[in-house]
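Which chain is which? The protein sequence lines are A and B, in order.
If you read the first sequence in the numbering used here, its first letter stands for residue 1, the second for the next number, and so on.
If you read the second sequence in the numbering used here, its first letter stands for residue 1001, the second for the next number, and so on.
Check the hints yourself; a few may be wrong.
Which chain B residues stay away from chain A? Per the calculated CB distances, all over 10 Å, these [said to hold, decoys possible]:
hint, residue
1, 1083
2, 1114
3, 1202
4, 1223
5, 1298
6, 1314
Here are the simulated EDC-like pairs of lysine to aspartate or glutamate, each with C-alpha atoms no more than 16 Å apart in a straight line [said to hold, decoys possible]:
hint, chain 1, residue 1, chain 2, residue 2
7, B, 1177, B, 1137
8, B, 1221, B, 1137
9, B, 1177, B, 1030
10, A, 199, A, 183
11, B, 1088, A, 242
12, B, 1221, A, 346
13, B, 1221, A, 343
14, B, 1177, B, 1318
15, A, 101, A, 323
Because the hints were derived from the structure by calculation, they are not lab data.
Computed from a predicted model, the values in this text were never measured in an experiment.
Just so you know, even glycine gets a beta-carbon here, dropped at the ideal spot from N, CA and C.
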Amino acid sequence: MLEQFITGFGMALRVDTFALMAAGLFGGMLVGALPGFTTLMAMAILLPISFFLDPVVGIPFLLGVYKGGIFGGSIPAILVSMPGTGAAVATSVDGFALTKKGQSRKALDMALFSSVFGDTTSDIFTIFMIFPIAYLVMQFGPPELFAVLLMSLVIIAVTSGTDPVKSLMMMCVGLWLSFIGTDPLGGVERFTFGLFDLKSGIPLLPMLIGVFAIPEIAGAAMRHQQVRQLATLVGERLSLAEFKRCFRTIVRSTVIGTSIGIIPGLGQVVAAMMGYSAAKNASDHPETFGEGELEGVAAAEAANNAVNGPTLVPLLTLGIPGDNVTAILLGAFVAQGLRPGPELFDQQGATVFAILIAMVFANLMFLVIGYLSIPFFSRLVMIKTSVLIPIVIMFAFAGAYVFRSDPVDLLMLVGFGIFGILARIGKFDVMPMVMGFILGPPMEYAFGQTVAMGNDNTIGFLFSERFGALGILMATPIIGYLLWRRMQTTVPG
Amino acid sequence: MYKTVTRRIAMAITGAGFALAATMGTAQAEYPEKPITMVIPLGAGGSHDLNARVITSIIPQYLNQAMIVRLTPGASGQKGTQEVANSKADGYTLLFTHNYIDMLQQHVENLPYDPLKDFVPVARVNYAPIGIVVRADSPYQTYDDLIAAAKADPGGIQMAHSGNWGALFVPAAQIMKASGTQFNLVPYKGGGPAMQALLSGDADITMGFPSTLGAQVDAGKIRILATAGNERMIDDVPSFAELGIGGDVGFMHRVVLAPADTPADVLATLNEAFTQLMEDKTFKRMMGRLNETIDLIDGPGYQVMREQQTVDYKALVESLTQ
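Just chain A, same shape as in the assembly (with noise of 0.2 Å):
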């Protein structure tokens, strides 16, 4: 094994591996950060160009790709409040609020440093851990899964927002609009009223771009007189100073998105949220979360990077992919001849480690490139508000639409946008909302699964066999509550 290592890490020292890992990590940065683009569109665009090159080249330029999306996405989160993903929800939080305060360098720094830092460490983690995490891997199974779900969905509704009771409203009218469409399991439709637009459900991005962007822009629209930019400042670098408060939040998102990176089927969704609740939750002055706090940022981008080590996992030892991401990576493997899977180790397992520790490599390099791009960006919030947000509409309406070429999606867009122009009106808080629409199909999935596995004796089964999800199960209503009160104290009114 260490001898494999030690051959793996001379052949993942090549220069073309490093050039072609540099431009996809710096084209899948670009393609992250327009909003509409997503990081699967780009890495399966450029999975052929892969097939032709040598393994130890070809995946590491997937996997550049893939982290400079992730990274991308949250560049408008922060600068301008349009996360392009459910990942990069939290960080627009407290991120645009950053950037509102004239300090959007520093936003933008400090995603740079926590991501590639929880990155590394899962990454390096997965490196000495990839057996034992292989087998914990094996112990998710649908009746654990939703139990974590649900558990993640109730930690979200006490801790964001100062108000449970309008949270938890609020998420279950996201778990609702969750509902509607063509029902996953037995294809029933439900709530379609009859319009076929809807069979196939809601779509993300507009939501997202709609409830979280569009009340950003009427609310910059109606300031104008006030202010000529959004900000009028970019703000300093990131401090070592503030790095270094922040370390201990990063440190704990990372555990929290390695560790969901572990369950199959989780993601980085529910990791940039518990790592973003865990660090609300643990801070003397939570108040100030969701009014630019660096650290809401920190724990947000660290805890979704982190997942990117483990879910590679069932990938290289199985041969079983758990998402679209990795069933990408699962071709270029496969058209390399690697067969992944029980012995991908045994044969090829030196390649396996020259890809790992690209890898590591990959987001050391993609630390200069970010750190050199960042000032570039950060300018953006510079432009005059007048010409700053016809272009955000631009980008908006433009995003909503080529992420299926739906002319509906426009009308949507524009629905959810008032939506949450009415529910900042009404403070309420739309990200329970937008995470219990996110979460709601994979709990409800696995729900019936665990249901069809029970054979019509769901708490039977889970008595007799599922301890795990029974546990947590009966854990989610007690941590709920610890939590709830915590927040009710340290949070006045």
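Put chain B on the given structure of chain A with help from the hints.
Quick look at chain B alone, frame taken from chain A:
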């Protein structure tokens, strides 16, 4: 060698460039003038996904356009199928599906589309015989052990499948019907998660295709109890016919369909591209690595098979749901 690799990279980059250029400009030209989307109504990591990755990486050479895979799983494949049924019949949205979604589902549910009227076949790319799979440490050594256990404990054996009336569900239903047994059928989001459920012990049996089984069999993680068809695929594993499960059971045909009103010249272009693809050396090599067959049937040829399938599946569903 180095030259061909460079050329292929150049071609792939050109394909990606086309993809980007076409999202920006809208100049009129001959089909295809922008990337073609191939919708897969199934989850990530299944055999359709893998097959499609190979197809879409090579076919751009013959179409001079990128072909992009879009996974649209949901509602047992209806979500993606419906999406294509309602897309423009201009050849830019194709469906990569299989015979069960295509021809069987119409007898189970009211579909928002009529498969025979709304789709026209472009090509059958290949077919895959299914195998019954258990873990290597499973007590079921043979197919007969499995059936005996299922008879002793009706509904007690957990069978992981990839969605109701999908590629793993139908053969299981056909076996249940042939043997007079009952499995507990648990849905998963595709063949990959179903296999993971088998390996983790959540499921007792599942079904799988050679393309996704090779690595697991070689590693001694799973055992195949039987494979579909008249002939044996693996020397010491019986075929379905030997076990008394006769007929067209457990064959999945991977087909490319287009919306019904797609112009004839567009279909001809696609047909030509698929014919050339099947002869492509890189394509053959990659499909070989996946243990997949290559067995092209053109659109009109497969249409005849579809019309027979609808009759057969109707009878199957009626006999099962009575």
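Okay, which hints does this one fail, numbers in order? Violated hints: 1, 3, 7, 9, 11, 15; rest satisfied.
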